[in-house]
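S.K.: Sequence:
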Amino acid sequence: MTTTIRDLRKWKADGKKFTMLTAYDYTTARWLDRAGIPVLLVGDSLGSTMLGYPDTLSVTMDDMIRHAGAVVRGAPNALVIGDLPFMAYHVSLEDTVRNAGRFLQEARVQAVKMEGGGRVIDYTRELTSMGIPVMAHLGLTPTFVNQFGGYRVQGRSDEAAEQILSDARALEAAGAFAVVLEGIPSALGRRVTEALNVPTIGIGAGPQCDAQVLVIQDVLGLNPDHVAKFVRQYAQLGQAIEAAARQFDQDVRAGGSMPVMMPWSPERAATTTGWSSASSSTRGSSGPARTSTATRAPSRPTGRGSRPLGSTPSSTRPWSRSTRRPSRRRSTRARSVACSRDRSGRAISPASSPSCSSSSI
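Quick note, the sequence shown lines up with residues 117 to 477 if you use the numbering used here.
Treat the hints as calculated values from the structure; they're not laboratory data. There could be a bad hint or two in this list.
Pair by pair, the computed Cβ-Cβ distance ranges are [claimed, not checked]: (1) Trp-147 with Gly-234: 31 to 39 angstroms; (2) Pro-192 with Gly-234: 56 to 64 angstroms; (3) Asp-274 with Arg-122: 20 to 28 angstroms; (4) Val-261 with Lys-132: 48 to 56 angstroms; (5) Arg-235 with Gln-366: 54 to 62 angstroms.
All C-beta atoms in this analysis are idealised placements derived from N, C-alpha and C, irrespective of residue type, glycine included.
Taking the hints into account, I'd like the entire structure generated from these sequences.
M.R.: See below:
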């Protein structure tokens, strides 16, 4: 069942914690959706995590829409939020409405996110009145990094803390369905969470927030350059990727001793130990599974009428490829199958040959 904004409000009322993770591509979104992550944010952080930019300021609306669309297609059960990038809502209300509308219309996200208070409060009111849900973002807002003088914790002084609390209340009144709190003291995160009826989603804002969000690269250990103090890494996939790539390179350089799946033929199956038909009953399968000789089916009588009385008819009795008699239509010599492709790049195989593997690049 797809997560909705109504679910988030109910979780807040019930005191139920939830999670949000960033996602920028179809494959990652699929795995996060399978894991049951209810909310996915396509953040402008894709500039540094996916596109190699030094910050988020270089990300464009076209970048965001392309990646957001991939995430939506990969996560049908999640509430997907599109992050409006720098200059997408900084010029005018007209630009803000247009870019937010593009997110919903072209990428099919369910809501957009905007950073800051002030004029953004008015934009939030206008967007929500037009049916465009808005997630707010206060505290350490990356698009204001130059104004802050770097990535620094916000809300340390009493005046700054009161401003964040005031902006949060105003954004809720303007229609924001949730507020992201980033890089603020834990005590301030608690104050804002207790003051609002909409959920707060913290990132470096203390455990008292209603939800927590992290960048997926940080969670998976894919960021080799810098990890924030508040980040907990749940895997080290970066090291695993490096090790796998190194091993592949070494195997190929050592003589190309890579496993190759050969096309299936009755002649080859008859001379190969322990081919099992359990994986597929079609000759065009990309490779039957190997089984031990101890579990291989017994040989079937080859002569007509040689079936013992009371035995299972050949149409229903289990059999293995290793004991199946070659078809009379096939030559007794082994055949190699060449896979060709049409103009569109789609694999084509002769009708008399096994189909080509769909896993080839």
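S.K.: Could you run down the list of hints and mark each one as holding or not?
M.R.: Consistency of the hints with the structure:
1. A beta carbon spacing of about 38 angstroms between Trp-147 and Gly-234 agrees with the range 31 to 39 angstroms that was offered as a hint.
2. The hinted window of 56 to 64 angstroms between Pro-192 and Gly-234 is violated, with their beta carbons roughly 36 angstroms apart.
3. In this structure the supplied range 20 to 28 angstroms is violated for Asp-274 paired with Arg-122, their Cβ-Cβ distance being about 36 angstroms.
4. One distance hint, 48 to 56 angstroms for the beta-carbon pair Val-261 and Lys-132, is violated here, with the actual separation near 33 angstroms.
5. A hinted range of 54 to 62 angstroms holds for the C-beta pair Arg-235 and Gln-366, which are about 57 angstroms apart.
Violated hints, listed in ascending order, are 2, 3 and 4; each of the other numbered hints is respected by the structure.
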